[in-house]
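**Q** Spelled out, the chains give:
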Amino acid sequence: MRFEFNEDQAALASALDQIMLSAEAGWKTAENWQRFDWSQDLDRTLEENGYYDCASEETLGPLAAAAMVYRLNSLPVAVESAASALLRPFCAPDLPRPIAVIDGEADSAIRFLPVARSLIHIGKQDVRCALLPAGAVVPSESLFAYPMGVLGDVPLEWSSVDVDAEATRNRWRVAVAAEIAGSLKGGLEAVLAHVRDRHQFGRPLGSFQAIQHRLAEAAVTIEASYLLVLKAAQTGDPVDAATALGYVQEATTTVVYDFHQFMGAMGLTLEHPLHRWTYRAKLLRSSLGGAQLNQALIAKRRWGSR
Amino acid sequence: MDFEWTEKDRAFRARVRDFLDRELPENWDEIRRHGPGSREQTEFSLKFCPKLAAAGLLVPHWPAEWGGGGLSNWEHFILGEEMWAAGEPRGAQYMNVNWIGPTLMRFGSDEQRRRYVSQMAAGKAIWCQGFSEPNAGSDLAALRTRATPDGDDYVVNGSKIWTSYAGLAEHCFLLARTSGKAGDKSGITIFLVPMDTPGIDVRSIPSLIGHGDIHETFFTDVRIPASARLGAEGEAWSIINYSLANERVGIPRYELSARVLEGMVNELIVRGAFSDTDVLARAGAAAAACEAARLLVYRVVDQLANGKDPGTDANIARVAVAKADHAVSDFGLDFLPDTYSGGDHHAHLAHHERAIVAGIAAGAAEIQLGIIARRHLMLPREAC
Ligand SMILES: Cc1cc2nc3c(=O)[nH]c(=O)nc-3n(C[C@H](O)[C@H](O)[C@H](O)COP(=O)(O)OP(=O)(O)OC[C@H]3O[C@@H](n4cnc5c(N)ncnc54)[C@H](O)[C@@H]3O)c2cc1C
Numbered sequence: 001m002r003f004e005f006n007e008d009q010a011a012l013a014s015a016l017d018q019i020m021l022s023a024e025a026g027w028k029t030a031e032n033w034q035r036f037d038w039s040q041d042l043d044r045t046l047e048e049n050g051y052y053d054c055a056s057e058e059t060l061g062p063l064a065a066a067a068m069v070y071r072l073n074s075l076p077v078a079v080e081s082a083a084s085a086l087l088r089p090f091c092a093p094d095l096p097r098p099i100a101v102i103d104g105e106a107d108s109a110i111r112f113l114p115v116a117r118s119l120i121h122i123g124k125q126d127v128r129c130a131l132l133p134a135g136a137v138v139p140s141e142s143l144f145a146y147p148m149g150v151l152g153d154v155p156l157e158w159s160s161v162d163v164d165a166e167a168t169r170n171r172w173r174v175a176v177a178a179e180i181a182g183s184l185k186g187g188l189e190a191v192l193a194h195v196r197d198r199h200q201f202g203r204p205l206g207s208f209q210a211i212q213h214r215l216a217e218a219a220v221t222i223e224a225s226y227l228l229v230l231k232a233a234q235t236g237d238p239v240d241a242a243t244a245l246g247y248v249q250e251a252t253t254t255v256v257y258d259f260h261q262f263m264g265a266m267g268l269t270l271e272h273p274l275h276r277w278t279y280r281a282k283l284l285r286s287s288l289g290g291a292q293l294n295q296a297l298i299a300k301r302r303w304g305s306r
Numbered sequence: 307m308d309f310e311w312t313e314k315d316r317a318f319r320a321r322v323r324d325f326l327d328r329e330l331p332e333n334w335d336e337i338r339r340h341g342p343g344s345r346e347q348t349e350f351s352l353k354f355c356p357k358l359a360a361a362g363l364l365v366p367h368w369p370a371e372w373g374g375g376g377l378s379n380w381e382h383f384i385l386g387e388e389m390w391a392a393g394e395p396r397g398a399q400y401m402n403v404n405w406i407g408p409t410l411m412r413f414g415s416d417e418q419r420r421r422y423v424s425q426m427a428a429g430k431a432i433w434c435q436g437f438s439e440p441n442a443g444s445d446l447a448a449l450r451t452r453a454t455p456d457g458d459d460y461v462v463n464g465s466k467i468w469t470s471y472a473g474l475a476e477h478c479f480l481l482a483r484t485s486g487k488a489g490d491k492s493g494i495t496i497f498l499v500p501m502d503t504p505g506i507d508v509r510s511i512p513s514l515i516g517h518g519d520i521h522e523t524f525f526t527d528v529r530i531p532a533s534a535r536l537g538a539e540g541e542a543w544s545i546i547n548y549s550l551a552n553e554r555v556g557i558p559r560y561e562l563s564a565r566v567l568e569g570m571v572n573e574l575i576v577r578g579a580f581s582d583t584d585v586l587a588r589a590g591a592a593a594a595a596c597e598a599a600r601l602l603v604y605r606v607v608d609q610l611a612n613g614k615d616p617g618t619d620a621n622i623a624r625v626a627v628a629k630a631d632h633a634v635s636d637f638g639l640d641f642l643p644d645t646y647s648g649g650d651h652h653a654h655l656a657h658h659e660r661a662i663v664a665g666i667a668a669g670a671a672e673i674q675l676g677i678i679a680r681r682h683l684m685l686p687r688e689a690c
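If you're matching them up, the sequences are chains H and P in order. Here my numbering is used: the first residue of the first sequence is 1, the next is one more, and so on. Here my numbering is used: the first residue of the second sequence is 307, the next is one more, and so on.
Derived from the structure by calculation, the hints contain no laboratory data. Check each hint, because a few of them may be wrong.
[To be verified] Some chain P residues close to chain H (C-beta under 10 Å, calculated; not the full set): (1) E417; (2) F580; (3) D582; (4) A595; (5) L601; (6) G617.
[As the list claims (entries may be wrong)] Covered stretches of chain H (in silico footprint by chain P; criterion: 3 or more residues with CB under 8 Å from a CB of chain P, positions within the stretch not fixed): (7) 136–150; (8) 292–301.
This structure is a prediction, so every number in the text was calculated from the model and none was measured. Glycine included, each C-beta is placed from N, C-alpha and C at the ideal position.
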């Protein structure tokens, strides 16, 4: 049992910290008041410097990749890290990225599709991938803070990937859990800055105990989620994967509600970044079957269903 | 980072489990049903702990000169998990092992150490902790029990409440005020008081958490020699902060909760009632809450093992631990309500009695949240 990063993991984390301070990673309102800010520049910087491949480095591994996905999701800008860092190295290391992922049926809009160059489909029995030729995707308007789109009429050339579908879905569970936990962490930082700064009734909002305790609870949940994600990434255990996702999906409702409460009307504007984090979490809460099914899966995998 | 146990830790856990398998009697479930502070469990601990000591498993993390084996924080913690999950057969003696003994080793006079520490290492000492008072709970510095110097003695007057184990304890680790007024941290002093000193009166408080667990302890003109003082006058606050540092994550409650949940699920399986998504999801959520608490606690143990101050990570862990206990207890109440009547399900009842304490004893959850808010999230102090 050891809770400190090894040297290489620590070096990766601090290099990432530097990149995350750059202008391309920072908050700005999006063109035409889009609800997301897809940061092509940051995404490319990370790709060109090999960050998305870190899971296959022996001294870094999926744990470092999951920690990175968590950190990147605390940014107000969107980059595609989860599929690239936690699926691609194990399914199709040469697949062009950004990557969109379809879990099960492609019956609704899919995040990252409009910016993706390829697609991974995790089916019931098999895993497939396809390149996305020009015109293959139709962007969708959406509530959620991602570039969203649907597949158009252009036929795709699927090739099958020689990996176990359930194992891949478990990796995806961990990846999505890392994204949610990171998004909540980003939201927490923004709300903390606000309640420290904003005064009402002659005192900072953050001095009200009603607010303090709820934010402290959010912090407990987020830190637990982070550790559950790292453990699941390291062990590859199916129970751990369901635990990481079920736990953070369940927690999302309360945490997101509290964040918006404490931000007041400001948090409902597109001039403040809070929605970037909360409207990722709101979408991901329902992914891979959603909170209840993933919690049930923890139990099913531990004890069976009888 | 590494979430796997080392070979050494695994072997140590196996050794503790073997010992428990061998030494816990057939009727242990009935004994532990009475609660950690009960006469039954206390008497049992006085037979059990000497055996534990003989096997090198009572104080393995203590220095060798005090009967320990110099083992690490991790082994100490694994021992705590296994004991708690087994129903804490050490009874009150877990406090000696965890903090009273180490505090005496560090701050005690030669005479105090000679007199008390080896008794603790032998598994034969029952102590209680006299901190809380009717008007000093979360706000411990508000305590009023006073120790007034009188020649070579002190005379103690006042009362303590919620004192676990006081009914059977031989000694009390007592906090009393030697100067200042209620609210001052500086005027509080520690005394090591034999419970048979004239003027001490103990009354058991009927409770929801087992027989004989909590008490009121009255001190009326209790005369104790100055040699019973631990450390200098007025030093209690810094001494207990030091000695409770290793205690800050508290009891590894999630270990019992996780195992009791396992038992609840098995019961539902036997009844053919473990298939609805709703039931499965609640079981999964409770299991996840235990796992979350476990990891947050392990993070703190790792910091302690590396000689680092865990800071607010300990408070964060405590909140998660209380939640996990309640998640399991509520699962039982919702899906196996019948097992809480009729007295057959010792394990569920015993767990419930422990779980309802989790967010209150040794620092309420709300106190933890306040500390997290101010020291971890850097939120401003509440204006008074
Ligand atoms: C089973 C058990 C065993 C115990 N054993 C011992 C023992 O052996 N020796 C001993 O000395 N003590 C013992 N205690 C006492 C324990 O330390 C106190 O119960 C604890 O410190 C809380 O104090 P209180 O019960 O007086 O609650 P109070 O301080 O009156 O607080 C009640 C509630 O108010 C809220 N609250 C209090 N302060 C704040 C705040 N600042 N902000 C927000 N909310 C707040 C919390 O929800 C808290 O639970 C034991 C308690 C229990 C339950």
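**Q** If a hint holds in the structure, say so; if it does not, say that too.
**A** Okay, the hints, checked on the actual structure:
| no. | hint | verdict |
| --- | --- | --- |
| 1 | E417 | 40 Å, violated |
| 2 | F580 | 5 Å, holds |
| 3 | D582 | 9 Å, holds |
| 4 | A595 | 8 Å, holds |
| 5 | L601 | 4 Å, holds |
| 6 | G617 | 13 Å, violated |
| 7 | 136–150 | violated (count 0) |
| 8 | 292–301 | holds (count 9) |
Violation of the numbered hints given earlier is confined to hints 1, 6, 7; the remaining hints are satisfied by the structure.
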